[in-house]
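Turn these sequences into a full structure, and let the hints steer you where they fit.
Chains as they are written, first to last, in our numbering: chain A, 2 to 403; chain B, 2 to 403; chain C, 13 to 274; chain D, 13 to 274.
Simulated from the structure, these hints should not be mistaken for lab results.
Heads up, the beta-carbon is just placed ideally off N, CA and C, and yes, glycines get one too.
One should not assume that every hint holds.
To be verified - Straight line, CA to CA, 27 Å or less: simulated BS3-like cross-link-like pairs of lysine-lysine:
#, chain 1, residue 1, chain 2, residue 2
1, B, K253, B, K365
2, A, K340, B, K105
3, B, K340, B, K368
4, A, K101, B, K340
5, B, K101, A, K340
6, A, K340, A, K365
7, C, K210, C, K21
8, A, K368, A, K340
9, D, K210, D, K21
Said to hold, decoys possible - Here are a few chain B residues that face chain C, going by a calculated C-beta distance under 10 Å:
#, residue
10, A22
11, T162
12, V180
13, V183
14, D184
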Amino acid sequence: MPNPDASGHWGEFGGRFVPEALIAALDELEAAHTAALADPAFTAELEQLGREYGNLPSPLYFAERLSEEAGVEVWLKREDLNHTGAHKIRNVLGQALLTKRMGKRRIIAETGAGQHGVASATAAAYFGLECTVYMGEEDTRRQALNVARMRLLGAEVVPVTTGSRTLKDAMNEALREWVASVDHTHYLIGSVGGPAPFPQLVRDYCRGIGDEARAQFLERTGALPDVVAACVGGGSNAMGIFTAFLDDEAVKLYGFEAGGDGYDTGRHAATITAGQIGVLHGARTFVLQDEDGQTVESHSISAGLDYPGVGPEHAHLAATGRAAYEPVDDAEAMAALEKLARTEGIICAIESAHGLAGALRLAKGLKAGSRVLVNLSGRGDKDMGNVVEYFGFAGAPEKSGE
Amino acid sequence: MPNPDASGHWGEFGGRFVPEALIAALDELEAAHTAALADPAFTAELEQLGREYGNLPSPLYFAERLSEEAGVEVWLKREDLNHTGAHKIRNVLGQALLTKRMGKRRIIAETGAGQHGVASATAAAYFGLECTVYMGEEDTRRQALNVARMRLLGAEVVPVTTGSRTLKDAMNEALREWVASVDHTHYLIGSVGGPAPFPQLVRDYCRGIGDEARAQFLERTGALPDVVAACVGGGSNAMGIFTAFLDDEAVKLYGFEAGGDGYDTGRHAATITAGQIGVLHGARTFVLQDEDGQTVESHSISAGLDYPGVGPEHAHLAATGRAAYEPVDDAEAMAALEKLARTEGIICAIESAHGLAGALRLAKGLKAGSRVLVNLSGRGDKDMGNVVEYFGFAGAPEKSGE
Amino acid sequence: MHAADAFAKTRAEGRAALVGYLPAGYPTLADSIKAVDIMIDHGADIIELGLPYSDPVMDGPAIQRAADQALAGGFRTRQVFEVTEAVAGRVPILVMTYWNLVERYGVDRFARDFAAAGGAGLITPDLIPDEAGEWIKASDAYGLDRVFLVAPSSTEERIAATVAACRGFVYAQSVMGVTGARAATSAVAPALVERTRKHTDLPIGVGLGVRSGDQAAEIGAYGDAVIVGSAIVNCYLDAPDIPTGHQRLAELTADLAAGVRR
Amino acid sequence: MHAADAFAKTRAEGRAALVGYLPAGYPTLADSIKAVDIMIDHGADIIELGLPYSDPVMDGPAIQRAADQALAGGFRTRQVFEVTEAVAGRVPILVMTYWNLVERYGVDRFARDFAAAGGAGLITPDLIPDEAGEWIKASDAYGLDRVFLVAPSSTEERIAATVAACRGFVYAQSVMGVTGARAATSAVAPALVERTRKHTDLPIGVGLGVRSGDQAAEIGAYGDAVIVGSAIVNCYLDAPDIPTGHQRLAELTADLAAGVRR
Ligand SMILES: Cc1ncc(COP(=O)(O)O)c(C=O)c1O
Ligand SMILES: Cc1ncc(COP(=O)(O)O)c(C=O)c1O
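This is the structure we're talking about:
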């Protein structure tokens, strides 16, 4: 396993940049996670949970009509079909089961648009854990339906009124709250960021995506894909699918970051492409920051990619060249979303559309018959408000019938 | 198979009450469907499609915490995990494949809240068919996001401005339009209603629910369930799960209709419980109607159950006593929806919550250890607007954190 | 009076019959009686009274709106007998109705009350002979006409079976589509009439889309009856008030009546 | 001047040192200089200048708001050297900073410029010695104090390793939680100080939650320094204008200074 070194670093990235008060909890978490993964009872329970409750493994799908248009074979890992509609269920089920194992009775989580909050609240309901979700006050207003989902699931939602009142501030608040409750509370982080062991731990629970896809791909085609593509916000779905292929040197790995209004406008969330090395939320990684190191607000039509940091393992893969990272702007992503809907009858998440759009762009430079595996990380139900706004599909009739 | 007689009747129910102009098309459809089901190439293609694209078979899930509260074993058939989020994908994939087989290039569909319209548009996109969806003008306004979904998938949505401007009028309009385009167009009906052979045909494409569940149940428990429960709007999900158990006399079948504001208020959609025998949309069945036989408007918090008719096979099962039908009102359904969310981390469709609520009510009269199989026909994403309104979960903070 | 009485007369005159359709209760109960009188006064040979229904799947927008308006005005099924009684005697009066209304009233009871009111028979757009057992019995018992439809898509077998079940005349649905005035009449109508004639000596009425004397003349050349519905309803739908509607109806009927006499 | 100079004096006086915290640039750049002077005038032994940061994970609402306000006012990292230079000389000036700001400025460059401005050293709330290689080198090179934190949750091993990396004093985070004035000081603080003393002779400062002379006296009984932050910031946050804030700060500092002298 391509794990970090003993102090939680991949090269210069990762580590633990947190108050000393959290170190003991991080050590405990690391030990518990390592022991859990080595315990067949734990892994068997998690596997069963994923199968019976999470609807795993997700299918590998050959997108025939899309492939015809793209000129290469496009294969989709259908994480949109998982319970709660995204790869995120893998992470929350893993961490919630670990929470139980550690004897803690409560989880806290940060959320941006609410997807990770809903997933966390789901896992908490399933395991009978208390759950508090921190969410920027701005976001609680914009994403009222997800707030309702979390409450319906029994979670407490705490609007965060500090800083920019968005995801990064929710994460600050969750870290603060964790310091005060760490004896009985697990911080169920939402992506492959944060202090060690979180980046590795979240990746370990998400790597089923790639492990399954690799086996499914071999079974269906007798070969490995030429390219594996995924969108990158914090980076959990991308690490989830990349990990299985890291040692397959012939398989090219591509992460697609949110290009927002366009990379040139400066209004984007292309952290690896445009950020500098720095420390944010407990890890050294690429960060969108100003000259002084103050975090800069990111921009993307996709709430799930709208984050100014990125998981440190991605920073390392970028620095070593094992994976390539490119921006995909709002317009390109939305065009891919529409194309997938029209050709395959699949409405994916706007996040996932970034990965698909990048893959379709890449396809133009690939030999005919090349095989591209795209992680379709989630479904688009949550995004329909944005879609309506973007495409101007009014509720008003396009044609009145009598 | 418990098929209707040669003229499409189950007892006094069913048949064909449509203009002569449609009879040839219905005959053609019946012949094509019969031949298709007997053709191993067709059934194999449909099975593969369901598996790779639709995410079938759906899992059978033992709801442990809910069972503890209910005092009986509650097993859920997780149709909410299907592609597009409900059992409806089974029907549309079957009919769309049949459309191709018949050499037609276009489908039309009626839709109420939009679920069947989205499913139809999905299948049309997948198969490269043209698609027009008729939807009451009132409904296009209330369900603007589903209108957007259909348009995104490439379908034309035609707002229907006649009658009460809701589902039943959309169905009238689809029938009218079909008369004019029947040579190249298939009417992809959304439930087990309409003239023969539709009720049987839709049931045949939905019956996988019960066939899978019966086998899964036997495998998991070594026995059959004591009770099988489902919600009944038009009745496709209920027939889908009932059919496999019709010959298992010990298995009690329960259909739960929408009780709306309460059965006593008269504002409901409990067609079998409260309706009289009549003819609507091409079949003889139970109908909510006034003294003269004019159709009466139905009421339910659940758009998918808000229909004043019901599939004729249900009418027959009710008349013969093989299945029992009872109303579940809005409040009881919403309480079940909330309970499932809190205990199991599953937010189901409001339709499905009616089936669950009925099962939980039944459970009180069952011996401890009884096994109840509930068809969880769909997921609740589409219903969050209603949920917010019903429970008063404002987007406003319940507690402000700093 | 039965449909046959009207056709005996028109055949003797060597022309097609004019059948005028209006929903009972539209534009009001009293005015629907008045309208029928106007049509008869201006040359209609047979009257087809529509029974307003909430879910008229074979009707286009004009007739839908008229039926909705009649229902909104409180129209009840039994009032069709009042209208029939008021207008019967001069020409045959048939009722065109979706089946649920009859079934709900009681098939035998409906036939009895309608016959008692002086009605000639029923035209049943969503009832095919295959489903009509009870109706055939009742219409036999009360001596009522039974008009079923044939369509361009009907097979020879179905045409044969349908005309065999008809009494009075056969209704040829001349286009695949709903009722409603169209600019040109259907090209497939003559072919359908020709196919139908091979199976029956009954008169064949041709419906759907007629709105002028010219069109009536064209259809009258091969059909035994020219059925006009939406164009009649439109006289009232488009009019500023009911008297204007009555006047337009008189003019239209006169034009149509001249058409079938050309 | 280094922290040791201040502690030499307070130890000689048999009392705890008073450490006053304020974000540089708050309430304005000039007024933050003035505020530091006020604190020194009224008995603060050591000054801790906060470096405003966009993502202060260890701070509670008061300090967050003050930092936000400083940043909104255009505060730049390099200005902390101006403030330091303006106030240095009378008591040791330490900077409390989240690590990204230093890393971004350049660790060696920061140490050099800060030392040149007369600064004593850094307090680093999100930098643990394990990650501090570069900082240890730079602070050695420029002779700066290095204050790391110990916490109630720290193991004996971690306390030992942490104090071994400290120079100047050790910062004992006395409650599990963020900065902010609390009604009662922590019960676990004395235990943490006692555990820490077993591993070091360095002075031990106790932070978090002090807001009165009484509390300062209580902590001064077992800690070597009483660190006050949020209560100081609140002098300005709650004040109608800056002069009022200055006045409240003077009163608070005097009260706290009396506390550590009781
Ligand atoms: C469907 C989907 N994909 C991707 C992401 C981005 O997260 P990550 O980069 O951690 O996979 C999100 C986050 O909300 C998401 O909802
Ligand atoms: C999830 C779900 N369940 C049930 C229904 C009701 O339809 P039926 O009674 O045909 O299963 C609908 C219709 O929209 C639905 O969306």
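Each hint, compared with the structure:
{"no.": "1", "hint": "B:K253 - B:K365", "result": "holds, 15 Å"}
{"no.": "2", "hint": "A:K340 - B:K105", "result": "holds, 24 Å"}
{"no.": "3", "hint": "B:K340 - B:K368", "result": "holds, 21 Å"}
{"no.": "4", "hint": "A:K101 - B:K340", "result": "holds, 22 Å"}
{"no.": "5", "hint": "B:K101 - A:K340", "result": "holds, 22 Å"}
{"no.": "6", "hint": "A:K340 - A:K365", "result": "holds, 16 Å"}
{"no.": "7", "hint": "C:K210 - C:K21", "result": "holds, 23 Å"}
{"no.": "8", "hint": "A:K368 - A:K340", "result": "holds, 21 Å"}
{"no.": "9", "hint": "D:K210 - D:K21", "result": "holds, 23 Å"}
{"no.": "10", "hint": "A22", "result": "holds, 4 Å"}
{"no.": "11", "hint": "T162", "result": "holds, 9 Å"}
{"no.": "12", "hint": "V180", "result": "holds, 6 Å"}
{"no.": "13", "hint": "V183", "result": "holds, 7 Å"}
{"no.": "14", "hint": "D184", "result": "holds, 8 Å"}
The structure meets every hint from the earlier list without exception.
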